[in-house]
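Could you put together the complete structure from these sequences and hints?
The primary structure of each chain is shown beneath.
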Amino acid sequence: MPSLSPATSIPARRTAPALVAGAAVLALALAGCGGATAGSSSTASGDGAPVANGAAQISVSVEKVDGEDQCVPDFSAAPAGPVTFTVANKDASGVSEVELLSDKRILGERENIIPGLGAVSFTVTLAGGEYQLYCPGATAETQPFTVTGEAANAAAGGVTSLLAEGTAGYAKYVSGQVDSLVLAAAALQKAVDSGDVQASQEAYAAARPFFERIEPVAESFPDLDPALDLRVADVEPGTKWTGFHPLEKDLFEAKAITADSKALAAGIVANVATLKTLTGELESSDAYKPEELANGASGLLEEVQSSKITGEEEAYSRLDLVDFAANIEGSQQAFEYLKPALEEIDPGLTKQISAQFETVNAALASYQDPAALGGWKAYTDELKASDGAKLTALIQALQAPLAKISEKVATA
Amino acid sequence: MLGAGATAAAAAAMAHDGASGVEQGALPGTESHPFYGEHQAGISTPPQDHLVFTSFDVTARTPVELQLVLAKWSAAMAELTSGDPVGKVEPARANAVPGDTGEADGMGPNGLTLTLGFGPSLFDGRFGLEPFKPAGFGPLPAMAGESLDPAMTGGDLCIQACANDPQVAYHAVRNLARMARTSVKTRWTVLGFGRASAGANQSTPRNLMGFKDGTRNITTGEDFAQHVWVGDEAGQPWMAGGSYLVARKIHMMIETWDEDPINDQQSIFGRSKQEGAPLSGTREHDVPDFHAAAAGGDAPAIPADSHIALAAHENNGGTKILRRGYNFTDGLDAVGRLDAGLMFLSFQRDPEQFVSLQRRLGASDRLNEYIRHVGSGVFAVPGGLPAAGSYYGKEFFTK
Chain H
8 MPSLSPATSI PARRTAPALV AGAAVLALAL AGCGGATAGS SSTASGDGAP
58 VANGAAQISV SVEKVDGEDQ CVPDFSAAPA GPVTFTVANK DASGVSEVEL
108 LSDKRILGER ENIIPGLGAV SFTVTLAGGE YQLYCPGATA ETQPFTVTGE
158 AANAAAGGVT SLLAEGTAGY AKYVSGQVDS LVLAAAALQK AVDSGDVQAS
208 QEAYAAARPF FERIEPVAES FPDLDPALDL RVADVEPGTK WTGFHPLEKD
258 LFEAKAITAD SKALAAGIVA NVATLKTLTG ELESSDAYKP EELANGASGL
308 LEEVQSSKIT GEEEAYSRLD LVDFAANIEG SQQAFEYLKP ALEEIDPGLT
358 KQISAQFETV NAALASYQDP AALGGWKAYT DELKASDGAK LTALIQALQA
408 PLAKISEKVA TA
Chain S
3 MLGAGATAAA AAAMAHDGAS GVEQGALPGT ESHPFYGEHQ AGISTPPQDH
53 LVFTSFDVTA RTPVELQLVL AKWSAAMAEL TSGDPVGKVE PARANAVPGD
103 TGEADGMGPN GLTLTLGFGP SLFDGRFGLE PFKPAGFGPL PAMAGESLDP
153 AMTGGDLCIQ ACANDPQVAY HAVRNLARMA RTSVKTRWTV LGFGRASAGA
203 NQSTPRNLMG FKDGTRNITT GEDFAQHVWV GDEAGQPWMA GGSYLVARKI
253 HMMIETWDED PINDQQSIFG RSKQEGAPLS GTREHDVPDF HAAAAGGDAP
303 AIPADSHIAL AAHENNGGTK ILRRGYNFTD GLDAVGRLDA GLMFLSFQRD
353 PEQFVSLQRR LGASDRLNEY IRHVGSGVFA VPGGLPAAGS YYGKEFFTK
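Heads up: the protein sequence lines correspond to chains H and S, in order. Here my numbering is used: the first residue of the first sequence is 8, the next is one more, and so on. Here my numbering is used: the first residue of the second sequence is 3, the next is one more, and so on.
It should be emphasised that the hints constitute simulated quantities derived from the structure, not laboratory data. All residues carry an ideal CB built from backbone N, CA and C; glycine is no exception. One should not assume that every hint holds.
Taking lysine-lysine and the DSSO-like style, the derived pairs with C-alpha atoms no more than 27 Å apart in a straight line are [as the list claims (entries may be wrong)]: (1) K296(H) - K283(H); (2) K411(H) - K397(H); (3) K346(H) - K90(S); (4) K283(H) - K197(H); (5) K384(H) - K262(H); (6) K197(H) - K111(H); (7) K135(S) - K396(S); (8) K269(H) - K197(H); (9) K97(H) - K411(H); (10) K262(H) - K197(H); (11) K111(H) - K135(S); (12) K262(H) - K391(H); (13) K358(H) - K135(S); (14) K283(H) - K256(H); (15) K247(H) - K296(H); (16) K97(H) - K90(S); (17) K411(H) - K296(H); (18) K275(S) - K358(H); (19) K283(H) - K269(H); (20) K97(H) - K396(S); (21) K262(H) - K111(H); (22) K411(H) - K90(S); (23) K296(H) - K90(S); (24) K256(H) - K296(H).
Chain S regions said to be covered by chain H (calculated; three or more residues, Cβ under 8 Å) [unchecked claim]: (25) 48-54; (26) 76-84; (27) 98-107; (28) 386-392.
As structure tokens, then:
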């Protein structure tokens, strides 16, 4: 974790999110109502903003003035405490979001500030210090904003502590998945050693999800992921192909267990043990960063699109939907651990992502099949041909908002 | 071969208008068309060289989501047609995802126009837009000569992107689709690599059959007012100054056409191949005389079942449409033929103008032996936006 400066530990207002989220939605529904203050003064007053409803009130007007997209608050200072920014875009097409930054951390923001739509607002609780109002796309993108009064106590919770709780929780989740993977790998080895192909297939299908849920973490160890999960197309000529997939080939294509198969299963057990050691170290050293969770959540959706929907991941067993579901579950878990902090930062986006996860999960449910190996329909060529495009659209609609959270939770 | 040629043409256009522009004296891609105005650009705009046509299904479930898409698109279209990105190509923060995908960075507006249309299905019950449906607006009726692929037919929304550089048009549609990904899904798309219709003061280009196309196109203000722009007859103020766009993806059986003798080709079109003159005259812009007899006989010089005779306004009660089509190629089809043809786009005041012409053509046009309509859509194109701060469909969401 980076050292905490006063400015990065501003406690966010815990009571605000529901109110703020409601305001944003309401404002959209009431398109056309202007929220900006009258006139088009291009400079903010340096006086402290007036306080109303328990919060300092700042109006930010976004508009085109002399051909330039302007984004200007009516006051550039406020007393410490809750501050509400109400943003209306009159006609500046190039600006669609406004953020309040402390150094480079986003404390609060609103997207979809579009000309013609109504004003939107967000509230953050600020301690004394220097902040920046950031309007990407405006001619002058950054406006200084000063808060007078007490600096916050560095230990006081807020978004920073919510993020810390989230990363710690995710670390435990990963360790739990790896513990299960250790057991599943042992069961797989036992089945393979017994020479029972069908039992081995079942053990293979049972082990895969534990790995697929936390794949981005495994991928962060550059030797381990290829040793465990390399597909045949990615094997360097002259090197040995190891891990799950050559064993998959033996079990599902050749349907025969050889001495090589047994060596592969033993190798999986050994590498999974290494993974347990490494992820244990990550957990005990609080090494996960919020942006890593966010990138991992998005990365899992990338995996779904690039190797599961194409049917390349489980080319012999057709278990791609087993991995698909595990990737989605792992992605949602990472998101859920960030969610409490993200709700403070951007409730609208958080709501949108939650809704997209619901849509994906509801759609995926129709592919469940208790009778099939791994509990999911086999991803046959026919299923790929009929449903591949639908699945792609589904995942893209989830990844588009999910990819945005990394910068919002970044601690760097 | 054709695919390779198209790629080479696209590459040449990119080198010509590309970001460096070193080979040229003039600044690259600076031509631009105003985004705001009485009519949307991309209709009376003289056709640019390249097209990306895309139709979308709305997957959003609430009117607010649809409203956001239309407001976002309207603002973004204003930026894109000015040659500006729709967000940071290279954001300052390390963890930020680029807002704009970047492939048109520095290429200028390149004559880009973006024309938005609403399909009939948008006005079903999903978003409560039934009261805003233009009078008589519905899907095109089934007609002869069609074998429509449902995957290339219809759509709730469409965007016609035209530019003098294919990458600029592609970039625009790609980014519009991207910013709306949670609410809309691309349904079908066609890349047109060469214009196949002439606008005012443009030389007449050729379709892939080698014939000039669009010689008698609408060019005058009077014709636009009479045949293209919608007035108050749609019963919807948002359609005033708008038009109806008909899109037809027409596959050409090019290989068999290529082996057809020249006299047959010419009599099918009713024009000479090189000059493009009607068979009753000698020059391209000679007015066709459908009563003139062929030399040494009683038969008409322009056969009655030729394409121009069937389509001419003189033979259709004065009906005219604005054609704004593009040649397309998709490589090879499933049985190894060139997959290419005409992305027919027309604008008219009433879709019935197209329907009545196509009924005649579908029934007796000798060209039908060499073409198949495989994709189709009809869209209500709203009037232009007056100024920044307005967006397409705003009337749908304000009581």
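**Prompt:** Can you give the numbers of the hints that this structure goes against, from lowest to highest?
**Reply:** Going through the list in order, the structure violates hints 6, 11, 13, 15, 18, 21, 24 and 25 and respects the others.
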